[in-house]
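**Q** Position 17 (the sequence shown) corresponds to 490 in this note's numbering; numbering is contiguous.
Hints were generated in silico from the structure; no laboratory data involved.
Don't take every hint at face value.
[As the list claims (entries may be wrong)] Once the Cα atoms are required to be at most 25 Å apart in a straight line, the calculated SDA-like pairs of lysine to any residue come out as:
no.	residue 1	residue 2
1	586	673
2	586	571
3	586	654
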Amino acid sequence: MRFKSPVLLALALTTLLVAGCPSGTDDDADGGADGGGDGGSGPLCEELVRPPCEDTMFLEMNLQSTIAPGQIVTLADGEGGFDSHVDATAGGFMANPPDAYVYAKFTPNGLQKVELSDEDATLSHDWDIAFHRFVIRINSGASGASCVTAAGLPTSVLYADVTEVPTGLTFVEDDFYDESCNFIDDGSGLGTSPLTALSGFYAYTSCVSMTGQIFIVQLRDGSHVKLEVESYYEPTKQEQCDTLQTAPTPPTGSGNIRMHWAFLP
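Kindly produce the complete structure, drawing on both the sequences and the hints.
**A** Structure below.
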């Protein structure tokens with residue numbers, strides 16, 4: 474069809490353009506894929522912010538460009554939450570080179586491993602939490618480019634008693650480098666473990682003992698998770714460490730993180 478009138482031609486082109494435009498955007502199609510819970514009005518951050526001491530972190534923490542083989546097994550606990558077992562053995566104690574961190578995200582179906590190397594995880598929204606031996610990182614600050622934060626509760630608070638997000642919490646990022654990229658350790662006495670937002674889950678004397686501290690983790694989508702790390706060794710050996718403050722014998726089974734967690738309303 475030919476349009477002799479310029480006005481009719483303009484109207485026809487406008488109609489075609491409107492009809493051809495999608496009703497939504499790419500952001501609408503993405504939905505809540507980056508978060509595990511119901512965050513409400515949208516993600517807390519859109520942009521990826523590269524960790525300020527990224528190069529130093531890679532060298533000092535011996536990060537890797539390959540994906541860790543460690544797996545995650547999660548079972549529903551029958552009370553609306555989950556029990557997760559993370560193989561954070563990292564190739565074993567003194568492995569050289571060690572495996573990468575095991576990266577994961579909290580989802581309504583459990584803790585899900587994300588197939589990322591340390592290198593790829595540095596600039597990604599796709600993970601919430603990462604595990605390597607007794608170091609647990611979250612995706613923010615010195616550790617990652619997203620905005621996952623955490624707050625520790627008093628050690629007198631029991632996991633079962635936390636049914637909602639407590640008021641007055643101060644949520645923090647991982648922060649184990651100062652402005653000059655000097656390393657900040659977690660005060661455990663080991664000297665090589667970074668000060669992360671979740672470092673308080675353990676103490677170290679002659680073994681890695683559990684403190685029982687409960688943490689609230691705020692995810693990128695604005696939802697909240699309560700979690701408690703229950704063991705680093707096999708459960709019976711963890712009990713020996715916690716009660717006797719002596720290293721388990723034989724020294725096997727370390728680096729197996731077991732924790733329980735649940736989304737909070």
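**Q** Would you pick out the hints that fail for this structure and give their numbers low to high?
**A** Violated: hint 3 alone.
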